[in-house]
Amino acid sequence: MNFSKLKKEVLLKGGQILDPLTKTNVKGDILIKDGKIKAIGEIKSSKSAQIIDCKDLIITHGFCDVHAHFREPGREDKETLETGSMAALAGGFTRVCVMPNTNPPIDSPEVIRYIVDRSEECPIYIHPIGAITKGQEGSELTEMGAMLAEGAVAFSDDGLPVTDSSMMRNALDYATMFDIPLINHAEDLCLKKDGVMHEGIISTKLGLPSSPDLTESNMVHRDLSLTLLTGGRLHVPHVSSAKSLEHIRLSKKSNEKVTAEVTPHHLFFTDNDLQGFDTNLKVAPPIRTISDKKALIKAVKDGTLDCIATDHAPHTIEEKEGTFDLAPFGMIGLESCFGAVNRVLVKENKLSLLSLIEMLTTRPRGIMGFNNNLFNIGTNAELTIIDPKEEWIFSKKDIHSKSSNSPFIGHNMYGRIKFTINKGHISTM
Amino acid sequence: MYFSLSFKPFLRDGKGSKSTSYFDFHGTESYCQEVFYYKEVPMASPKIKNIMNAESIDRSIIRLAHEILERNHGVEKIMLVGILSRGEPLAKRLQSLIQKISGSKTPIGFLDITFHRDDFRDRLVVPQVKGTDINDPIDDKIIILVDDVLFTGRTIRAAMDELNAFGRPQKIQLAVLVDRGHREIPIKADFIGKNIPTHEGEHIKVLLKEIDDKDSVLLTQSRN
Amino acid sequence: MKHRHLLGLKDYPAEDIKSIIDTAFSFKEVLERPIKKVPSLNGKTIVNLFFENSTRTRISFELAQKRLSADTVNFSASTSSLKKGETFKDTAQNLEAMKIDAVVMRHPTPGAPLHLTKHIDAIIINAGDGIHEHPTQAILDMTSLYEKFGYLKGLKIAIIGDISHSRVALSNIYGLKTMGAEVTLCGPATLIPPFIEDLGIVVNYNVDEVIEWADALNVLRIQRERMGGGLLPSIREYRNLFGITTERLSHHKKELVIMHPGPINRGVEIDSAVADSSQAIILNQVLNGVASRMAILYLLLGGKPEERKV
Chain V
1 MNFSKLKKEV
11 LLKGGQILDP
21 LTKTNVKGDI
31 LIKDGKIKAI
41 GEIKSSKSAQ
51 IIDCKDLIIT
61 HGFCDVHAHF
71 REPGREDKET
81 LETGSMAALA
91 GGFTRVCVMP
101 NTNPPIDSPE
111 VIRYIVDRSE
121 ECPIYIHPIG
131 AITKGQEGSE
141 LTEMGAMLAE
151 GAVAFSDDGL
161 PVTDSSMMRN
171 ALDYATMFDI
181 PLINHAEDLC
191 LKKDGVMHEG
201 IISTKLGLPS
211 SPDLTESNMV
221 HRDLSLTLLT
231 GGRLHVPHVS
241 SAKSLEHIRL
251 SKKSNEKVTA
261 EVTPHHLFFT
271 DNDLQGFDTN
281 LKVAPPIRTI
291 SDKKALIKAV
301 KDGTLDCIAT
311 DHAPHTIEEK
321 EGTFDLAPFG
331 MIGLESCFGA
341 VNRVLVKENK
351 LSLLSLIEML
361 TTRPRGIMGF
371 NNNLFNIGTN
381 AELTIIDPKE
391 EWIFSKKDIH
401 SKSSNSPFIG
411 HNMYGRIKFT
421 INKGHISTM
Chain R
1 MYFSLSFKPF
11 LRDGKGSKST
21 SYFDFHGTES
31 YCQEVFYYKE
41 VPMASPKIKN
51 IMNAESIDRS
61 IIRLAHEILE
71 RNHGVEKIML
81 VGILSRGEPL
91 AKRLQSLIQK
101 ISGSKTPIGF
111 LDITFHRDDF
121 RDRLVVPQVK
131 GTDINDPIDD
141 KIIILVDDVL
151 FTGRTIRAAM
161 DELNAFGRPQ
171 KIQLAVLVDR
181 GHREIPIKAD
191 FIGKNIPTHE
201 GEHIKVLLKE
211 IDDKDSVLLT
221 QSRN
Chain H
1 MKHRHLLGLK
11 DYPAEDIKSI
21 IDTAFSFKEV
31 LERPIKKVPS
41 LNGKTIVNLF
51 FENSTRTRIS
61 FELAQKRLSA
71 DTVNFSASTS
81 SLKKGETFKD
91 TAQNLEAMKI
101 DAVVMRHPTP
111 GAPLHLTKHI
121 DAIIINAGDG
131 IHEHPTQAIL
141 DMTSLYEKFG
151 YLKGLKIAII
161 GDISHSRVAL
171 SNIYGLKTMG
181 AEVTLCGPAT
191 LIPPFIEDLG
201 IVVNYNVDEV
211 IEWADALNVL
221 RIQRERMGGG
231 LLPSIREYRN
241 LFGITTERLS
251 HHKKELVIMH
261 PGPINRGVEI
271 DSAVADSSQA
281 IILNQVLNGV
291 ASRMAILYLL
301 LGGKPEERKV
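Protein chains in written order, with the numbering used here: chain V, 1 to 429; chain R, 1 to 224; chain H, 1 to 310.
For the record, the hints were derived by calculation from the structure and aren't laboratory data.
Some clues are possibly wrong.
Simulated pairs of lysine to aspartate or glutamate, EDC-like, Cα-Cα distance not exceeding 20 Å [what the hints assert, rightly or not]:
no.: 1; chain 1: R; residue 1: 47; chain 2: R; residue 2: 190
no.: 2; chain 1: H; residue 1: 28; chain 2: R; residue 2: 133
no.: 3; chain 1: H; residue 1: 99; chain 2: R; residue 2: 122
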């Protein structure tokens, strides 16, 4: 990937301008001057402008990921805000929300300010998600008001569930004052025990300890009910099971304050793929059966799932090199996201490209309250340019994260990010 | 059974009359702190005699003012204390008359004797909203208690009891517009407007224009 | 007075509340005299039955009783030494046997005073039953407001703080609504009881908006025990969002009356400077507390026993 400063005038020529806000797909040119959108339409090339040929390419909003782990502060050996930014740009992401399970956790206004200040130096926009409880220990609320004032965009104890129901209730109650979403990593730890994968015929064949889908869906149900009781806002992260989808679907009928996300790996893989004991496929919540995968795809199509989020979770080679039971949960996912979901949803399941782009742009931005009008004249250019049909194979050199724990290596991808323009810089893949 | 002028308790600010009555009258008019609605008088009225009209009341009060000054050799140390409710306008009238005669404005105060009544075990009486108001020190003063009617004397006893809570006057003297006799405790008035001996079943009612829109002293009979 | 006991202000008639307030003003005058005593309750015996510590309320009641020349007996019990149920009845019946006229009771369990009325013939006054009612506090609050403004109808009162653990809030809401005032509650969402809007009041989490709207603020104490739990993150956060600080008030150019039931946590829910300012009528409330308790005792105990039930 080539990362360089944008020239003073850049003309994106002859692309398909796909605007997920207005839901239009028009052929046209975009002139970017001093990093801001100057003009859109038929633009004559001028001598001063650098021309980027966008023939057969889609020009759209930069992607927004509402769920990623950048490991800073504490585990800069796995990822830093800078390296995470590079991974994001490679995947077409211009805006990422980072989870607070760092060391120290992002549980006070001081740490929020640290992340916000650091992210000014980074080539993407990084928004901190604050912890719900102090130290993520599940017993004391964090100073949500003060953290919001410093720049938090949502609250989550992700990595860990909020196990105590009265605590979750109090958190939802408290958050109603601010109208921001709470994100609960739904996992009944008692039911999960030491499970490392989905409980099914595959786990029995592999002899690995496992946990059933109820581990997730029970807690999703609890969270949805508490949300209705308190009038708060809930965003359900990394939905993995058909049962959870049933609860979410039903809840959404009467409660518009519920949103949900799905990861690329839950859409791409099934528990069958774990037969090779690849620790890169060890994730929480686990990858489940083919019928869960089908249910997730259906839920994308019918709107039960609002957006795609990567749950980008870097781990060192040493950590992932271990045996299956000892390896930490999680995989990186920013760079492989588009190629994977475009293949599964658009190519194999006939989702429209526009709908997919919405799930990567306007929907996540809407949940977090970010500006969606990115083709407005005068806004800072925050764009992704995609070849929607390119067939390619994901390899190590496509990884720009500091870690490389990705099970997508060697898999066929469909559609490729060609350029990402953000904060006055352009990344060329 | 008596059907003379009916008594309706109400608050001094005149905001309507309440349906509950805190009173149960057995003829103790000397405790009567309420205003009469003169219109309430039933048509078949018992004998009502007008004992004093406005001019005779005026003359009596002027005489009382002179007597107070004469007895006390002037206005020094005098403080008027009116016993609510009709003692208040009477005390004020005395104050302005004394000022006209002597040139000095005597200090004035008012007592609501509700809390010091001696029948508090028998009946609940709610105090006037505009209650006790003694702003000047009373130590070593000559207090002239002022009331409209002197009857059993219990009101005056309660008033003296209450004055105790404010200090120790040099002397306490009593000025009343009407003395109708029938003392139940040893109390005597020093300055009397008019002596009106009464029988059992008769009642004295003083009307003053500040409260009742006219000056009059009425003697009424009640039927048995 | 319509009711024999004073258990709470729910459904308490407006005329009776007004009587108490008016009578309280008369008693306030008594409290200004050199000798602050009237003989009105001479010979009556009142027991202060406090199952929960409360020095302020008890002293206020005791002073009120003594100034009315009543005889006072204090009974402090800890609920741990008394088993619930059986022994409560025993305590009550023992009191009854001693022929007392009235009981002023504070108990941690809601409904305890009502329970007592079933076992004793004396007049019961609720000095706070758990997080249920504390009618005498609400009455003294209303007396203070009436004293300051001259009326209650249409007055805009905001109650700010830990509503769900306050024994003062409900009684104030009932009383103020009965007298025609408007009430808004403000506080952290975790400390506002659910469904409270059904009582006809507004809940608003934005304290600055509430200050703009209100004529008077009743600032409630934030108990430090609640901090750092599932309900409130920290004092700093509470102060930022809801504290009645000098800085916050300086942004609102308006006449505002500040009340507080006490004891004050200076620097937490209210700044020292605000509590000591001329806008605050906190010390008036204390004096009005004695006066209004005198009025309540006088109106409920005065006269013959049969006569009280008018």
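Structure-based check of all given hints:
1. About 31 Å separates the Cα atoms of residue 47 of chain R and residue 190 of chain R, which puts this hinted pair outside 20 Å; it is violated.
2. Annotation: proposed proximity of residue 28 of chain H to residue 133 of chain R holds, straight-line Cα distance about 11 Å (limit 20 Å).
3. Restraint check for residue 99 of chain H and residue 122 of chain R: the C-alpha separation of about 19 Å stays at or below 20 Å, so the hint holds.
Violated hint: 1 only; the structure is consistent with all others.
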